[in-house]
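Note that the protein sequences, when read in sequence, are chains U and A.
Counting in the numbering used here, the first sequence runs from 4 upward without gaps.
Counting in the numbering used here, the second sequence runs from 3 upward without gaps.
Everything labelled a hint here was simulated from the structure, so no lab data went into it.
Certain hints may be false.
To be verified - If you want a taste of the chain U side facing chain A, the calculated C-beta under 10 Å gives, among others:
| # | residue |
| --- | --- |
| 1 | T5 |
| 2 | E6 |
| 3 | L8 |
| 4 | H157 |
| 5 | G161 |
| 6 | V222 |
| 7 | P250 |
| 8 | V275 |
| 9 | V306 |
To be verified - Straight-line alpha carbon distances no greater than 20 Å define the calculated EDC-like cross-link-like pairs of lysine to aspartate or glutamate that follow:
| # | chain 1 | residue 1 | chain 2 | residue 2 |
| --- | --- | --- | --- | --- |
| 10 | A | K244 | U | E270 |
| 11 | A | K202 | U | E10 |
| 12 | U | K127 | U | E90 |
| 13 | A | K260 | U | E116 |
| 14 | A | K202 | U | E268 |
| 15 | A | K244 | U | E90 |
| 16 | A | K202 | U | E90 |
| 17 | A | K133 | A | D153 |
| 18 | U | K304 | U | D314 |
| 19 | A | K251 | U | E268 |
| 20 | A | K206 | U | E270 |
| 21 | A | K260 | U | E272 |
These numbers come from a predicted model, not from an experiment.
Beta carbons: idealized from backbone N, C-alpha and C, even for Gly.
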Amino acid sequence: MTEKLLEVQDLKKYFPIKGGILGRQVGQVKAINGVSFYINKGETLGLVGESGCGKSTTGRSLLRLIEPTEGTITFDGKEVTSLSGREMRKMRRDMQMVFQDPFASLNPRHTVERIIEEPMIVHKMGTSAERKKRVRELLEVVGLNSYHAKRYAHQFSGGQRQRIGIARALAVKPKLIIADEPVSALDVSIQSQVLNLLEDLQNEFNLTYLFIAHDLSVVKHISDRVGVMYLGQLVELTESDKLYANPKHPYTRALLSAVPIADPEFEQERIVLRGDVPSPSNPPKGCPFHTRCPEAMDICKSVNPAFREDDEGHYVACHLYDEDK
Amino acid sequence: MGETILEVKGLQTHFFTDDGEIPAVNKVDFHVDKGEVLGIVGESGSGKSVTSLSVMGLVPKPPGKIVGGEINFKDENLVNASEKRMRQIRGNEIAMIFQEPMTSLNPVFTIGNQLIEAIRLHNKWDKKKAKARAVEILKLVGLPRAEELIDEYPHQLSGGMRQRVMIAMAMACDPEVLIADEPTTALDVTIQAQILELMKDLNKNRGTAIMLITHDLGVVAEMCQRVAVMYSGNIVEEGTVKQIFKEPKHPYTVGLIKSVPDMTSKRERLYSIPGSVQKPGSIKVGCPFAPRCEHAFDRCVSETPALLEAGDEGQKVSCWLHHD
Ligand SMILES: Nc1ncnc2c1ncn2[C@@H]1O[C@H](COP(=O)(O)OP(=O)(O)OP(=O)(O)O)[C@@H](O)[C@H]1O
Ligand SMILES: Nc1ncnc2c1ncn2[C@@H]1O[C@H](COP(=O)(O)OP(=O)(O)OP(=O)(O)O)[C@@H](O)[C@H]1O
Ligand code: SF4
Ligand SMILES: [Mg+2]
Ligand SMILES: [Mg+2]
Numbered sequence: 004m005t006e007k008l009l010e011v012q013d014l015k016k017y018f019p020i021k022g023g024i025l026g027r028q029v030g031q032v033k034a035i036n037g038v039s040f041y042i043n044k045g046e047t048l049g050l051v052g053e054s055g056c057g058k059s060t061t062g063r064s065l066l067r068l069i070e071p072t073e074g075t076i077t078f079d080g081k082e083v084t085s086l087s088g089r090e091m092r093k094m095r096r097d098m099q100m101v102f103q104d105p106f107a108s109l110n111p112r113h114t115v116e117r118i119i120e121e122p123m124i125v126h127k128m129g130t131s132a133e134r135k136k137r138v139r140e141l142l143e144v145v146g147l148n149s150y151h152a153k154r155y156a157h158q159f160s161g162g163q164r165q166r167i168g169i170a171r172a173l174a175v176k177p178k179l180i181i182a183d184e185p186v187s188a189l190d191v192s193i194q195s196q197v198l199n200l201l202e203d204l205q206n207e208f209n210l211t212y213l214f215i216a217h218d219l220s221v222v223k224h225i226s227d228r229v230g231v232m233y234l235g236q237l238v239e240l241t242e243s244d245k246l247y248a249n250p251k252h253p254y255t256r257a258l259l260s261a262v263p264i265a266d267p268e269f270e271q272e273r274i275v276l277r278g279d280v281p282s283p284s285n286p287p288k289g290c291p292f293h294t295r296c297p298e299a300m301d302i303c304k305s306v307n308p309a310f311r312e313d314d315e316g317h318y319v320a321c322h323l324y325d326e327d328k
Numbered sequence: 003m004g005e006t007i008l009e010v011k012g013l014q015t016h017f018f019t020d021d022g023e024i025p026a027v028n029k030v031d032f033h034v035d036k037g038e039v040l041g042i043v044g045e046s047g048s049g050k051s052v053t054s055l056s057v058m059g060l061v062p063k064p065p066g067k068i069v070g071g072e073i074n075f076k077d078e079n080l081v082n083a084s085e086k087r088m089r090q091i092r093g094n095e096i097a098m099i100f101q102e103p104m105t106s107l108n109p110v111f112t113i114g115n116q117l118i119e120a121i122r123l124h125n126k127w128d129k130k131k132a133k134a135r136a137v138e139i140l141k142l143v144g145l146p147r148a149e150e151l152i153d154e155y156p157h158q159l160s161g162g163m164r165q166r167v168m169i170a171m172a173m174a175c176d177p178e179v180l181i182a183d184e185p186t187t188a189l190d191v192t193i194q195a196q197i198l199e200l201m202k203d204l205n206k207n208r209g210t211a212i213m214l215i216t217h218d219l220g221v222v223a224e225m226c227q228r229v230a231v232m233y234s235g236n237i238v239e240e241g242t243v244k245q246i247f248k249e250p251k252h253p254y255t256v257g258l259i260k261s262v263p264d265m266t267s268k269r270e271r272l273y274s275i276p277g278s279v280q281k282p283g284s285i286k287v288g289c290p291f292a293p294r295c296e297h298a299f300d301r302c303v304s305e306t307p308a309l310l311e312a313g314d315e316g317q318k319v320s321c322w323l324h325h326d
């Protein structure tokens, strides 16, 4: 009974680089450069990759908080990119976002009640009394107390604020939650509280998650499938266990081998990459990873490998897996 | 047991703010031996950075002040050292890498200027020789285009490159102690791996003692021989890396180790420590961890435990479960 809730095809986002006194466009940042994936109902898809590879831009494009340059986004059977502004606002009720920084994303001068109620007002849900009742329910759901409702956001700790952000995202009963680094700013001990909460909520409300993070152990823990991005492209995507047991792309292998393991007796065979990360305003020709790839071949310098299924459900973009090899 | 190079005894660094006096560092004891890597871990706000700034004589004052204790570097108590003496020590005998390298590199001077100055402070070489050494060191830390980089400004470099320049500066001074405060937190894992290799190299080949502050337990497991665990301005446990990871005694350390998601095993529910961290100083008497501790009993809230040896292997813990 796998049913796709979201399908993204060949998504691109180019940001213009303006320069000179006239502010003319002098170049462009290829923040996402042709990304395709889908998420099934009730599933968690993780997205990892180094800073600046386009994870947040991907997440924000899905909600059209950023207008994609090209590509199609199908959500719950509807083509998102062709919706009018009004239709899009309605659609956002089903797609909510939780942001990385629990300090910056909540207005510190608003009460918790106002913060959580706001999306319900925007979507004209219920009467004022019904909404206030729901705020109290939601606070309990995320493990806070209903007496917290009248307090201000700045009176809460990071972990508590992240819970408030999650309660706000849940307020309108969304189908999909895009969580952009929801635990990166939190302490280890608080991080596990929030991860457990996200899992409980998923089971209870059959939520679907796109979970963006740079911490691979967190992503492995929470995701059913994981996609690895590099320089605006997906380079590998498969089931979480498969990716960690049998990484195919040389970048994924380097990435996994670089994660320090919290066990002093564990001896890691590390692949240390040489060379610097290329800039997305001037991506290398051919495979985006070839400038740092320990296995690069001649063809890698000229032809960008296609993102294709190599094993069942295991997608990779790398010439090492070309058919004629 | 090696020879101690840096010993911190009963250190108290307080901040005097509108909200009152905050004991950010509250009677902290630890030592670093020659050639070893000591890890300092703990929650955000537990006093890790203030401890290292205290050692460097860089606590902003006001509002901060060292109100008690000693910092013994070789035969000298740095708490009493003059600012002139501290300047000599900083970057020469004790170097520090900060979490955000931009704040410690001067934006108006080129990388080369800053590096050459650091080298000449140490070696009294002429400019040309110092410049050659600067290029050599930049190559050593794995920076490409070293000859060109030397004429560039800090803002022209990426975060990982800047952090490598900071390590190059530290290498140029050839310090006896290197304090690295979250040196890789802002970086990606693949770049982090490069920086950790460099620090290991510095430690192994030059015998530099390193005090490594991080919240990443993976980094600690990989780099350190001993670990001190901080909670709310106090060190609550100290031991060898093996003791801390395999036989943690303090309930906070136990919880911390248990909450790390495991990369190697199957997906299951994570352990989490209930509650959240109190502000330092909000607990006047008793164990600062008591409000979150599942083992807390009467004594934990009425009497403050001290950091004392538990067992015979040199492991120290501050918890009533382990003391009489
Ligand atoms: N509004 C914008 N204008 C111009 N360039 C942008 C804009 N937003 C993002 N970029 C660029 O697009 C690229 C991708 O950025 P994005 O924020 O998606 O990365 P990310 O993978 O989320 O990184 P991080 O892990 O640091 O959050 C970066 O090079 C970034 O500088
Ligand atoms: N300039 C300052 N004025 C007032 N209080 C301060 C100042 N600097 C630090 N503190 C307080 O001292 C305590 C310890 O801070 P410190 O920066 O050492 O924490 P930390 O362990 O390094 O945390 P993190 O992991 O977040 O870096 C905190 O409660 C902090 O609020
Ligand atoms: S395509 Fe070539 S350069 Fe790219 S990852 Fe594969 S082997 Fe490396
Ligand atoms: Mg991002
Ligand atoms: Mg700090």
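Structure-based check of each hint:
Because the closest C-beta pair between T5 (chain U) and chain A is about 18 Å apart, greater than 10 Å, the hint is violated. Because the smallest distance between the Cβ of E6 (chain U) and any Cβ of chain A comes to about 22 Å, over 10 Å, the interface hint for this residue is violated. For L8 (chain U), the interface hint is violated, since its Cβ never comes within 10 Å of a Cβ in chain A; the closest pair sits about 21 Å apart. The interface hint given for H157 (chain U) is violated, since its Cβ lies 14 Å from the closest Cβ of chain A, which is over the 10 Å cut-off.
Taking 10 Å as the C-beta contact cut-off toward chain A, the hint placing G161 (chain U) at the interface holds, the least distance being around 8 Å. Interface restraint check: V222 (chain U) against chain A, minimum CB-CB distance 9 Å, threshold 10 Å, status holds. A least Cβ separation of about 12 Å between P250 (chain U) and chain A goes past the 10 Å threshold, and the interface hint is therefore violated. Against a cut-off of 10 Å between C-beta atoms, the interface hint on V275 (chain U) holds, since the closest Cβ of chain A lies about 6 Å away.
Interface hint at V306 (chain U): violated, since its Cβ lies 24 Å from the closest Cβ of chain A, which is beyond the 10 Å cut-off. At roughly 14 Å between alpha-carbon atoms, K244 (chain A) and E270 (chain U) fall within 20 Å of each other, so this suggested pair holds. Note on K202 (chain A) and E10 (chain U): the hinted pairing is violated, with a Cα-Cα distance of about 45 Å set against a maximum of 20 Å. Simply put, K127 (chain U) and E90 (chain U) have alpha-carbon atoms about 14 Å apart, close enough for the 20 Å limit, and the pair holds.
For the given pair, K260 (chain A) sits about 34 Å from E116 (chain U) by alpha-carbon distance, which is inconsistent with the 20 Å threshold. With a C-alpha separation of about 17 Å, the suggested pair K202 (chain A) and E268 (chain U) falls inside the 20 Å cut-off, and the hint holds. Between the alpha carbons of K244 (chain A) and E90 (chain U) the distance comes to roughly 58 Å, so the proposed pair goes past 20 Å and is violated. Taking the CA atoms of K202 (chain A) and E90 (chain U), the gap is about 56 Å. The hint is violated against a cut of 20 Å.
A distance of roughly 11 Å separates the Cα atoms of K133 (chain A) and D153 (chain A); the hinted pair therefore holds under the 20 Å criterion. A C-alpha spacing of about 25 Å is found between K304 (chain U) and D314 (chain U), which places the hinted pair above 20 Å, so the restraint is violated. A hinted pair counts as satisfied when its Cα atoms are at most 20 Å apart, and K251 (chain A) with E268 (chain U) qualifies at roughly 19 Å. Between K206 (chain A) and E270 (chain U) the alpha-carbon distance is near 18 Å, which keeps this suggested pair within the 20 Å criterion.
Taken as a hint, the K260 (chain A) and E272 (chain U) pair is broken in the structure, with Cα atoms around 24 Å apart against an allowance of 20 Å.
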